[in-house]
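One-letter residues, chain by chain:
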Amino acid sequence: MTQSFPEEVLEHVFSFLTSHTDRNAVSLVSKSWYDTERWCRDHVFIGNCYAVNPRVLTRRFKEVKAVELKGKPHFADFNLVPEGWGGCVDPWIVEMGRVYSGLEEIRLKRMEVTDEGLEMVAKGFGKLKVLVLASCDGFSTDGLAAVAANCRNLRVLDLRECEVEELSCHWLSHFPDSFTLLESLNIACLSSEVSFSALERLVSRSPNLKTLKLNRTVPLEKLSTLLQRAPQLVEFGTGAYSAEGLDAYSSLAEAFSGCKKLKSLSGFWDVIPAYLPAVYSVCSQLTSLNLSYATTQSPDLSKIISHCHNLQRLVVLDYIEDTGLETVATSCKDLKELVVFPSDPYVADANVPLTEQGLVSVSQGCTKLHSVLYFCRQMSNSALVSISKNRPNITCFRLCILEPRSPDYLTLEPLDTGFGSIVENCKQLTRLSMSGLLTDRVFEYIGKHAKKLDMLSIAFAGDTDLGLHYILSGCDSLRKLEIRDCPFGDKALLANASKLETMRSLWMSSCFVSFGACKLLGQKMPRLNVEVIDERENLNSIPENVPVEKVYIYRTVCGQRFDMPDFVRIMGKDKADVYNLS
Amino acid sequence: MTSPLLGIEGGGGQKNAKFTRYLGLSDCSSVDSSSISEVNKSSLNLKATELRLGLPGSQSPESSLTSSEKLDEKPLFPLLPSVDGICSSSTKTVVSGHKRIFTDAIDSCSEIKGLSEGNWLFSGSNSDPSKSVIQGNFVGNSNVNEIVSSGDQSNKVKTSNPPAAKAQVVGWPPVRSFRKNILATSSKNNDEVDGKPCSGALFVKVSMDGAPYLRKVDLRGYSTYQQLSSALEKMFTCFTIGQCGPQGGPGRENLSESKLRDLLHGSGYVLTYEDKDGDWMLVGDVPWDMFIGSCKRLKIMKGSDAIGLAPRASEKSKTRS
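Protein chains in written order, with the numbering used here: chain A, 1 to 582; chain B, 1 to 321.
These aren't lab readings, by the way, just hints derived from the structure by calculation. We put the beta carbon where it would ideally sit given N, CA and C, even for glycine. Be aware that a few hints might be false.
[As the list claims (entries may be wrong)] Sample of chain B residues lacking proximity to chain A, with all beta carbon distances greater than 12 Å (derived):
(1) Pro-174
(2) Val-175
(3) Thr-272
[Stated by the list, open to error] From chain A, some residues computed to sit far from chain B (all C-beta separations above 12 Å):
(4) Trp-39
(5) Phe-45
(6) Ser-224
(7) Ser-292
[To be verified] Here's a subset of chain B near chain A, in silico, CB distances under 10 Å, partners left out:
(8) Gln-168
(9) Lys-205
(10) Pro-212
(11) Lys-296
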């Protein structure tokens, strides 16, 4: 069959496809489309670094400009994945360095990055413009110094929530004096001091700087200096927002008023309320405000928020209370995303007047709200039903009731109907995290209604394997499922084995999945890696019917990986099953 | 759409119908029989077959994980382990490599009191494995329950109300560690926290010379150096044994705690930590509370590398106060 379009035309058409899902779809149409597409794809997204390997990447795509890689499973954020599990980026850097000399953007999430790796990046990719490390660890300020010294074209250095070994405060000085291209710098995760003079000089010679997120150690008194050097800032994160006395106030307020383009504020560690009004002049411009480190009381929070009429994203502690959220509901009519973190997660009865009512108020007042992450101590089915009816446009709903298995506090019933209402009314829901007392019934609702659900997180919920079965058999769009401490076992897993190949990954920890089932699954499904993560000794002598501690199942075209520590085993694979692709 | 891995007899019907037949529910006679024969899923009564994971003191309407009697009623899950199996696999400690050695670690009631700001809340039944992973502590089923019920803690065990204080579960609530630590240290700004002990986990990395990877421990899971030391010994034995040579003795599982300690001390390892100033100090010189307030990370060093640390540590604590 002759192709109707010449390749150049096809390539031109493909150039309008930027989403990787679209690109993946067109590459499946035919062999010739696959070939055309692979020669012109320059942004590659790999959601699970072990689903492929570096060689697969470089053999398929030849001229890559931007790569995004993700490593550890999401629950690693909460210390559920032991150190040393894997996800090291170095082999990728080596292989990409060999082939992609024109690489401009590297974005990594939950990967282990070493100093050697950063040095390879710095010296191997002369055209590098963007380096984003999100929730990564394994490197130190020495690696950052190498990047600073060698990446002549760097625009973006974003260390988002990383764990960095801070050996020296002088790494910033390694940016050459001739380096003036910086557009974005995020060092908020660093806990030690950085050299302020180096920072100030860097900011002064970066006319394109749009994003500057400082760390906690930068004192408030120095903020006005920086802001005066960079009035063009669009995103700014303060350091510790406190000072002795109020001397620094007026220069700070003046400096803020000079930032006409400022749209996003964050930082605010150790807030002294008296200094909050210094930002009032920019509040009406703000679309994003992160006060989640501001341990200050509701009235102060409400006051500043009431000025933010254009706010689209708000991150705050539960100190905001229900009354503060009512202020949000009346003042922030454009709000799209709300995040409320707990101030004192470990105390059962913290007497913080933040309840389900706050969320209900926001759902009533903010008609554009589509994304919620809410930590609270009580919830009711009626509140959840109200929320779902008020805001059927919700796409991401994550609710964490701090005490596991909390029932509806009014009726003492499970919260099945409440969450059922959410999935039934919010038809575009793509992400859901649940908590509270939940039986198999809620999973029945989810399997029936949540057809667009892409990611589901479950903890301390369900009664029997039926719960898991409902999800795996009902949720057509499900790609990521993470489960902890639920009584789900072998039957539902094995009965839905082929579903697992349609998903990116499944995590189950402290459930009832046995060694034997994992082995069977691994044997029967060659394109799944069934990783048992278990730190007990003498794993070989544990009977097959005993539950594993943790199992992480993901689809892969590469067979086993060989960088596993001794507490990780890939079940059911012979060495002969490994695909040899080199 | 999804084909079950193991054979299911009978064709057609709803997916769930197949599934419940597969589970053997329709054949089961010893389970509450009110609607087992109905395959209609809305009337499936699975209450009697519920396996609940019992967190200590959780207020689920059913009691926490069943006693052996209830399990015997359930031929539905042949793959399930025996009660003992569940116990030993669920009462794990993240820290320990020796999951089955429970009883030695808990010496007295008073130690339990000090372990976290909460109390050990068990629902009281004899074979009641807590599914929650208690960071850094050793959970012995019968021993601990005896201790708990005989001490003051018993009046704090409420099965129907929320517990007064939480036993800490790893990874719950799902908040990133940097967020927990920051809140703990800024508690001085918050009046509500005055007088309450600092809560929240405090994870620090632990490395050991020659070990291929790091571990992490939650310092707030311990209240004495003794506990921390035992935990670390157990965590790192797999690396130590490798270095022991001929004096290694019998297989890992036969080593008692004291023998482990001898091995560690005999092979000349010492525990050190890096404090807030970036100095490396010997662990054990300062009061425990001061230690966890300043410890940034731990390192198990060879004794020869650690010479010279001890004098600095005690000098430092003098100059500090």
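Against the structure, the hints:
| no. | hint | verdict |
| --- | --- | --- |
| 1 | Pro-174 | violated, 5 Å |
| 2 | Val-175 | violated, 6 Å |
| 3 | Thr-272 | holds, 16 Å |
| 4 | Trp-39 | holds, 35 Å |
| 5 | Phe-45 | holds, 23 Å |
| 6 | Ser-224 | holds, 23 Å |
| 7 | Ser-292 | violated, 8 Å |
| 8 | Gln-168 | holds, 7 Å |
| 9 | Lys-205 | holds, 7 Å |
| 10 | Pro-212 | holds, 7 Å |
| 11 | Lys-296 | holds, 9 Å |
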